[in-house]
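Asker: Put together the whole structure using the sequences plus the hints.
Quick note, the sequences are listed as chains A and B, same order. Residues 61 to 466 in the working numbering are what the first sequence spells out, letter by letter. Residues 61 to 466 in the working numbering are what the second sequence spells out, letter by letter.
It should be emphasised that the hints constitute simulated quantities derived from the structure, not laboratory data. Warning: the hint list may mix true and false statements.
[To be verified] With a cut-off of at most 25 Å between alpha-carbon atoms, the simulated DSS-like pairs for lysine-lysine come out as follows:
id	chain 1	residue 1	chain 2	residue 2
1	B	Lys85	A	Lys412
2	A	Lys425	B	Lys85
3	A	Lys85	B	Lys425
4	A	Lys85	B	Lys412
[As the list claims (entries may be wrong)] Chain B regions said to be covered by chain A (calculated; three or more residues, Cβ under 8 Å):
id	region
5	138-151
6	381-391
7	450-458
[To be verified] Looking from chain A toward chain B, a few residues come up when the C-beta cut is under 10 Å (computed):
id	residue
8	Gln180
9	Ile184
10	Leu382
Everything numeric in this text was worked out from a predicted model, so none of it was measured. In this text, a Cβ means the ideal position worked out from N, Cα and C, and glycines have one as well.
Protein chains: 2
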Amino acid sequence: MKFIENGTVTSPKGFKASGVIGSVKPSNTIKRDIALIAGDVICSTAAVFTKNLVKSSAIIVTQKNIANGKAQAVIVNSGNANTCNADGEEKALRMCELTAKSLGIDKTDVIVASTGVIGQPLPIEPFENSIPILAEKLSQNGGTDVAEAIMTTDTVKKEAAVQVEIGGKTVTIGAVAKGSGMIHINMGTMLSFVTTDAAVSSDMLKAALTEAVEQSYNMVSVDGDTSTNDTLAILANGLAGNSEITVKNEDYRIFTDALTALCKTMAKKLAADGEGATKLIICKVNGAKTMADAKGAAKAVICSSLVKAAMFGADANWGRILCAIGYSGCDVDVTKVDVAFESKSGRIDVCKSGAGVEFSEELAKEILLESEITIDVSLNDGSGCAEAFGCDLTYDYVKINGDYRT
Amino acid sequence: MKFIENGTVTSPKGFKASGVIGSVKPSNTIKRDIALIAGDVICSTAAVFTKNLVKSSAIIVTQKNIANGKAQAVIVNSGNANTCNADGEEKALRMCELTAKSLGIDKTDVIVASTGVIGQPLPIEPFENSIPILAEKLSQNGGTDVAEAIMTTDTVKKEAAVQVEIGGKTVTIGAVAKGSGMIHINMGTMLSFVTTDAAVSSDMLKAALTEAVEQSYNMVSVDGDTSTNDTLAILANGLAGNSEITVKNEDYRIFTDALTALCKTMAKKLAADGEGATKLIICKVNGAKTMADAKGAAKAVICSSLVKAAMFGADANWGRILCAIGYSGCDVDVTKVDVAFESKSGRIDVCKSGAGVEFSEELAKEILLESEITIDVSLNDGSGCAEAFGCDLTYDYVKINGDYRT
Chain A
61 MKFIENGTVT SPKGFKASGV IGSVKPSNTI KRDIALIAGD VICSTAAVFT
111 KNLVKSSAII VTQKNIANGK AQAVIVNSGN ANTCNADGEE KALRMCELTA
161 KSLGIDKTDV IVASTGVIGQ PLPIEPFENS IPILAEKLSQ NGGTDVAEAI
211 MTTDTVKKEA AVQVEIGGKT VTIGAVAKGS GMIHINMGTM LSFVTTDAAV
261 SSDMLKAALT EAVEQSYNMV SVDGDTSTND TLAILANGLA GNSEITVKNE
311 DYRIFTDALT ALCKTMAKKL AADGEGATKL IICKVNGAKT MADAKGAAKA
361 VICSSLVKAA MFGADANWGR ILCAIGYSGC DVDVTKVDVA FESKSGRIDV
411 CKSGAGVEFS EELAKEILLE SEITIDVSLN DGSGCAEAFG CDLTYDYVKI
461 NGDYRT
Chain B
61 MKFIENGTVT SPKGFKASGV IGSVKPSNTI KRDIALIAGD VICSTAAVFT
111 KNLVKSSAII VTQKNIANGK AQAVIVNSGN ANTCNADGEE KALRMCELTA
161 KSLGIDKTDV IVASTGVIGQ PLPIEPFENS IPILAEKLSQ NGGTDVAEAI
211 MTTDTVKKEA AVQVEIGGKT VTIGAVAKGS GMIHINMGTM LSFVTTDAAV
261 SSDMLKAALT EAVEQSYNMV SVDGDTSTND TLAILANGLA GNSEITVKNE
311 DYRIFTDALT ALCKTMAKKL AADGEGATKL IICKVNGAKT MADAKGAAKA
361 VICSSLVKAA MFGADANWGR ILCAIGYSGC DVDVTKVDVA FESKSGRIDV
411 CKSGAGVEFS EELAKEILLE SEITIDVSLN DGSGCAEAFG CDLTYDYVKI
461 NGDYRT
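Answerer: Here is the structure:
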């Protein structure tokens with residue numbers, strides 16, 4: 061398996077994409093905000109969505125459209141979430157209709173997604189104007205325009221692609237994602253679209269996506285808020301020519317491992333670009349009684365506001381890490397817990413058997429000033445392990461969210 | 061029932077207190093940091109503690125000491141949590157011994173509590189030096205020195221007292237509390253000590269405390285982190301002369317209502333002085349299917365980082381409130397939810413039946429610029445109601461916690 065340079069959703073065979081400045085938010089006249097991904101042929105599809113009871117109308121429409129496991133296009137906008145609007149479903153359906161008409165496909169083969177402010181009516185004119193243009197502009201180089209168009213408070217485009225051999229054929233999987241705030245574990249993600257030229261049945265696609273999400277998007281938290289619009293959809297068109305994956309065989313395993321690696325990379329990109337974040341925080345937990353305990357402990361650490369603020373300050377305040385593990389609800393013997401910090405500047409043990417050890421504050425500071433920090437937690441009580449991905453809590457998080465809407 | 065002016069833990073008959081600068085943190089030479097509360101006579105006692113698996117050694121010792129429902133003194137320090145230290149229990153026991161010796165009481169009748177940094181050995185010298193002085197300085201005006209001595213990042217002293225008639229006798233209940241960060245629902249609180257001259261059995265004291273906590277300290281969140289040291293203890297000496305409350309009779313109800321009102325006042329003080337906070341946020345939920353749903357929804361709203369940041373920015377971003385209710389896990393019909401903001405500048409409806417309504421942004425801003433904001437949520441689906449107490453998320457929260465330890 062290898063990651064492709066400049067990989068994106070149009071890296072797999074048979075996918076084209078485009079993005080335009082549609083001014084969904086009237087004040088936006090500089091950034092692409094409506095994008096289209098189109099398959100040359102009909103695709104198998106699977107998706108996971110937010111578990112929030114408050115759901116975007118886009119999700120309600122998409123869930124109906126993909127119930128048959130088939131889709132051919134994705135229409136997506138930033139700037140307005142189309143959530144909590146009385147006419148939201150009607151608008152989302154209209155987005156599908158416009159897309160289907162421009163592409164000459166069925167309107168029920170369209171995935172629709174929106175991200176932005178909640179509770180403001182979605183203007184439909186930008187879509188009426190932009191969708192025909194998007195269809196015209198579809199290109200094999202268009203993936204990166206999608207990555208731009210779905211950004212909200214994101215500061216960097218998030219895209220990647222991997223290649224793997226399946227049954228002698230080269231299979232490519234590409235992804236774009238957006239998400240910066242309102243990101244929390246136990247949801248699909250913010251928005252992410254994955255394309256592949258692998259031949260995979262929709263059932264196996266669903267199974268592979270579920271496995272991948274458990275170790276990637278479901279282990280990310282930026283701020284503990286579960287969004288109303290989270291959607292992660294995958295489209296597989298079969299153009300790589302492998303024999304279709306319809307059961308959990310060796311090909312399924314290779315495909316799922318590659319998809320998981322891709323999703324983990326995207327999850328780290330989301331965490332590293334968390335609103336206001338200056339660093340990526342990875343918490344690795346090993347030695348837990350069960351994998352669920354490992355996951356719970358890792359998540360509690362990266363979700364703790366106090367740990368996050370300490371990481372911002374490059375302060376080796378390991379007591380807050382023990383505190384978070386202590387309230388995580390996981391079955392942990394706190395007298396066995398070891399904690400170390402690690403980054404490219406080195407590694408330092410700060411806690412052994414639940415109590416502090418003497419350590420060099422200078423070295424700790426040096427390690428914690430890097431932009432990617434691993435908090436290494438050994439529970440010494442079993443073989444469960446897990447990784448969770450988060451970021452530091454900074455002044456800029458507050459600034460970004462103190463006046464986002466106006 | 062009435063609140064007393066300048067009320068504190070020495071307002072009830074038969075309690076004296078004192079506080080000194082003990083320099084538990086060697087750098088502290090200006091603020092009281094060790095305090096003593098002493099009853100003239102042995103008291104009934106009850107307490108609730110953090111649910112964190114990682115617990116201060118002070119809690120472990122206190123739990124043993126009050127197992128018989130009796131106590132006569134409280135020794136407490138700030139500057140060091142005495143948590144995650146190999147010799148923590150030994151040090152906590154030593155604090156009790158020193159206190160007992162200075163007061164001429166039994167060492168098992170002492171409640172010990174600590175708050176401050178986790179994982180740094182507690183120096184015992186400050187206690188050896190200070191406890192005899194504290195015993196000498198005990199005074200009926202000393203309550204306010206306790207309120208000061210337990211402050212860490214708190215910016216104001218938190219104390220209050222209420223008076224109520226029980227069986228023709230005037231009963232007084234006084235309280236001090238500290239807590240600013242690492243405050244979350246489902247724990248005792250940070251540190252709070254309540255004294256009363258009412259005659260109440262330790263069983264009834266426990267019942268009354270549990271009822272009061274459910275509506276007060278357990279409905280506060282500053283940052284979602286559950287501390288390792290939370291302790292709320294109550295001492296009742298019976299000197300008011302009422303006939304002892306030993307069953308849940310009318311006297312019990314009067315006492316419990318007064319205690320609840322006092323604890324709610326203290327809870328609001330904690331939330332309003334949350335680390336970096338500029339305003340108190342109260343979320344009132346009514347019309348829930350059950351009281352548990354009302355509590356869950358109210359807590360989710362005041363815990364949401366996005367809601368908290370919006371309140372800091374005086375931004376009427378009600379979509380985030382719906383979002384938080386949606387992921388709260390409560391049984392809510394989102395199409396029935398109404399939301400309004402209220403403060404002393406007025407009241408404004410921003411959402412009806414789960415969708416936005418037009419409103420004056422100017423009036424909303426004016427309302428949200430006040431220092432005490434109520435978020436009024438009507439679920440229109442039953443009769444459950446609850447109130448939760450939180451604060452806004454500000455630059456200063458990050459500043460305070462980015463480098464607290466060093």
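Asker: Now tell me if each hint is right for this structure.
Answerer: Verification of the hints:
no.	hint	verdict
1	B/Lys85 / A/Lys412	holds, 23 Å
2	A/Lys425 / B/Lys85	holds, 21 Å
3	A/Lys85 / B/Lys425	holds, 21 Å
4	A/Lys85 / B/Lys412	holds, 23 Å
5	138-151	holds (count 5)
6	381-391	holds (count 6)
7	450-458	holds (count 5)
8	Gln180	holds, 7 Å
9	Ile184	violated, 17 Å
10	Leu382	holds, 5 Å
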